[in-house]
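There are 2 protein chains.
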Amino acid sequence: MEKVIQIALLGAGTVGSGVVKVLEMNRRQITERVGAPIQLKTVLVRTLGKARPELASYQVTDKIEDILNDEEIDVVVELMGGIHPAREYMLRAMEAGKSVVTANKDVVAQFGKDMFDMAERQDVDFLFEASVGGGIPIITPLKQCLTANKVTEIMGIVNGTTNYMLTKMTECGSDYNTVLKEAQEKGYAEANPSADVDGLDAARKAAILASLAFNTRVELKDVSVEGITKITPADIDYAKNLGYVIKLLAVGKDSPEHGVDVRVHPVFLPEDHPLASVNGVFNAIFVRGNAIGEAMFYGQGAGSLPTASAVVSDIIDVSRDILHHTFGRVRCTCYEKKKLCPLKETESSYYVRLLVDDKPGVLGFVATAFGDAGVSLKSVIQTQRNIIEHAEIVAITHMVRHEQMEQALDVLNGLPVVDEIRSVIRVEKERG
Amino acid sequence: MEKVIQIALLGAGTVGSGVVKVLEMNRRQITERVGAPIQLKTVLVRTLGKARPELASYQVTDKIEDILNDEEIDVVVELMGGIHPAREYMLRAMEAGKSVVTANKDVVAQFGKDMFDMAERQDVDFLFEASVGGGIPIITPLKQCLTANKVTEIMGIVNGTTNYMLTKMTECGSDYNTVLKEAQEKGYAEANPSADVDGLDAARKAAILASLAFNTRVELKDVSVEGITKITPADIDYAKNLGYVIKLLAVGKDSPEHGVDVRVHPVFLPEDHPLASVNGVFNAIFVRGNAIGEAMFYGQGAGSLPTASAVVSDIIDVSRDILHHTFGRVRCTCYEKKKLCPLKETESSYYVRLLVDDKPGVLGFVATAFGDAGVSLKSVIQTQRNIIEHAEIVAITHMVRHEQMEQALDVLNGLPVVDEIRSVIRVEKERG
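Heads up: the protein sequence lines correspond to chains A and B, in order. Read in this note's numbering, the first sequence has 233 at position 164, and its numbers run on one by one without any break. Read in this note's numbering, the second sequence has 501 at position 432, and its numbers run on one by one without any break.
All clues given are correct.
Note that the list lumps identical chains together, so a pair holds whenever it fits in one copy or between two copies.
Distance condition first, Cα-Cα at most 25 Å in a straight line; then the derived DSS-like pairs of lysine-lysine:
no.	residue 1	residue 2
1	Lys119	Lys90
2	Lys255	Lys237
3	Lys90	Lys212
4	Lys219	Lys110
5	Lys413	Lys447
6	Lys90	Lys219
7	Lys498	Lys309
8	Lys407	Lys219
9	Lys90	Lys255
10	Lys72	Lys212
11	Lys72	Lys219
12	Lys406	Lys290
Since the hints were made in silico from the structure, they are not lab data. Note that the coordinates shown come from a computational prediction; the quantities given were computed from them, not determined experimentally.
One chain only, chain A, in its complex shape:
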C-alpha cells in the first residue's frame, strides 16, 4: 500500500485553520509534489465541545497523549504559540520519533538549541519557517540558498503591527496614540500592544535570524531592544525632509573586529533603501552576504493563509524526508561561539533632536559640545517649529561608538542652553 503521511495539529486558531484550509484547497497539487498524500488525522484543541465545522472530517481531542501515543502520526505541527506547554509537547513529540513543524518564535528564540539537539538525537526534522516573517521564505534561504555566503548583515522589518503604525504616521502625520488606536480597531494590534510596540516580538525574530545567519547561538537576552513608543510626528517629519523614513528594524551585524551585534530599534533608513518602501503590514528581510551582495525577501509577515503557506511548505519538506528516509540533511548548525558585541561598543550614526533656547550662538555651543565629546557631525540644522522662545536643533552624526554617543548626550544635558534631548534615533548609513 502506498505510504500516507499522517499529521496532527496542535492548536486550531488563526494559523491552524489556515493550515487546514491550505491542505484542503491545494490537496491534489500537494500530493503530486510530495509523491504521497498528506492526511490530517488529529487536531488538539484546548476545550472540546465548541462547534468547529471546519474540523468535522478530523479527530479532535483535548489530550496530547492521543497524538503522542498514536504511532500512525508522522508529523506534529505546533501552532499553539507561547512557551508552555508548546515546548514540552514538541520535545515529547520528537522523543516519540515524530518530526515537528512549528510557527512558534518564542520557543525557537529561547529554546531553539534544545529543539535542534533533540531533533538530531532522535533523527527527526524540526522545521520553523513560519516563526519569522509569516509566509516569507527566509529560514530555508538562510539554511540553503544563501549558504555559500558569509552573511555580514541582516536587517528586517519583521513586525507588521509597528510597520503599519509607522507607515500610517508617515502617510497621515498622525501621532502614536492615534495610530495605535486605529491599529487596535483594525485588529492589527492587541489590546495590550506591548510585545509589538516595545519591540519584543521583533527581538525574538532577530535572535532567530542572527543565529542562523551568523552560525552562532544568539538568545533573546543578547538582543538590545527599543520600541516605537517614543517616535513623534516631528521625528517622522524631520526624517522625511532629510531623505529618510523611520522603520522599526531587527538588525544583526557580524564582523571580525566587533563580533556579533544584534538589536531592535527604530532607525532612519535612506528612502532609496530596498526596505524603505516596505509599507503597511508587509514584512521584508534584507541580507548582505560576501558573495551575493544585497538580497531581499518580501511578503506578508502574518495572517492565517500566508503563515499557513510557510507551515504547509515545511510539512511538505518533512514529508519528502520521510519518504526518502533522510533526516537532518540540513541541520541548524550554530556551531560557532562568536563574541557578542556589547551595546556600548556598537557603532552607528545618530539623529539627535534637541530643544534649545532661541538665542544667538546656541548652534555653535551645541556643535562644539558634540566635537569636544569626539562626535563629529554630518549635518546640523536649527529650526523654529512654532515654539515660543525655543528652537530645535537637529543633528546627524557620523559613525560613533554607542558609549561615546552617551557621553556626548551627558555633556549636552548639562549645557544651560539645552532644555531637553527630545529624540535620539540611529541612522542607517547610505547604501553602497
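Based on these hints, arrange chain B on the given structure of chain A.
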C-alpha cells in the same frame, strides 16, 4: 576516511572564476555546513596554455573525458553557457552517474525536460538556481518554500541590461540609443545587444519560471516576446505623469479560464508596485500564490560573485544529498499538461499613444472609434508636445482581449485624423 566531495568545473569565465573564489574564501564555513569538505579537482577550459594563476591549485584540462571518466568526481558544474556542447556534456555527466549544477538558462529553457528525465533515470541531482535571477533564490523557493501554494501569477524583472537602460531613461530622460551606448561602455550590454534588448534572455527565464510555478512544461516557443527598442522618452514621460514606471517584465499567469499565459514585454507598472522600485542592474521576481498572497525576491541578477552564490549553494545542496545518499527528494515535476493561452486571448489594459491632427473634435472621433471596437477607456488625454499642426492623444484602456485591441488599432489606423499609432504598451493593473 572522511568523504570529500569532489567537483569539476566546465568553464572558467566570469561565473567560473567567481565559483573558485567563493569556494576558497568561504571554505571553512562550507565544510561545516555540508559536513564534509568540497574539493574542486578539475577545470575544463577551451584552450590550454593561457596563464590562469587563480587555477594554479587545480587540474586544468581541455578534454571533457578527463572529467567524465574520473570516478572520483561527484559533481559536474557547467558554466560554459550556450546549448552546444553544454547540453551534451551535462547529459553525459549524468549518464556517468554524476550530479550536475548549472547556470545555463538556454539549456534549461529549451531542454529542461531531457535534463530532469536523465537526472531521474540516473538517480542524480540536476540543480539550476543560477539560471534565473543570478544570485537571487527563486528556483528553490518555487520548488520548496512556496510549494504549498497554487501560484497564479509570477512577474519578474529578470534582465539587468534592459532594467539598467530603462532606469537611466527614466532618471535622465535620455533616449534609447544614448543609454544603449552607455550600457555598452559600462559592460552592462553586449556589442550585439539583441538577446537582451529584444527580450530573448528574459523569455528563456520566463519559460523556466512558468514551468516551475505552474507545474507544466512551458518552452521558449510558447513565450510571446517584445523588447524595449521602441520605448521612447515620450512614453517614459507619459508613464511618469500617469503614476507608472516602464519596466521590461517576464509575466506568467495561470487561470482555469484562460490557461497558462507567458510573455515578455514592456509594461506600465503602478509606481507603488513592489517591482516598480527595482532599479539599475537589480532583478526581482514577484510571485502571487493562493496561500501566501504576494511575495517578492530581490537581488543582483548577474555578476561573478552573486551568480557564484547560487551555484555554490546548489553545490552544497547536492553535497548534502550525496552524504545522505538521497537524490530526487525535490523533483521538478511539471507533471501537468496545461492549456496554453494563445496571445490573442490574453487580457490586459493598454496604454496607446497616437499622433493626430490638431483640430476640434479629434478626441471625440478617437474615443468613439475605441468604443465602437468594444474597447472601453479608463482615461484619455490630448496634449501638444511642441508638434506643429499635430497633437498627441494618450489613452489608457480597461481590460481587453488582445485580439479586440488589435481590431481597435486597425480601425484607428484607418481614421483620417490619426496620423500614426506611436506606442502600444500593456498596463499592469493597480494592486489589490
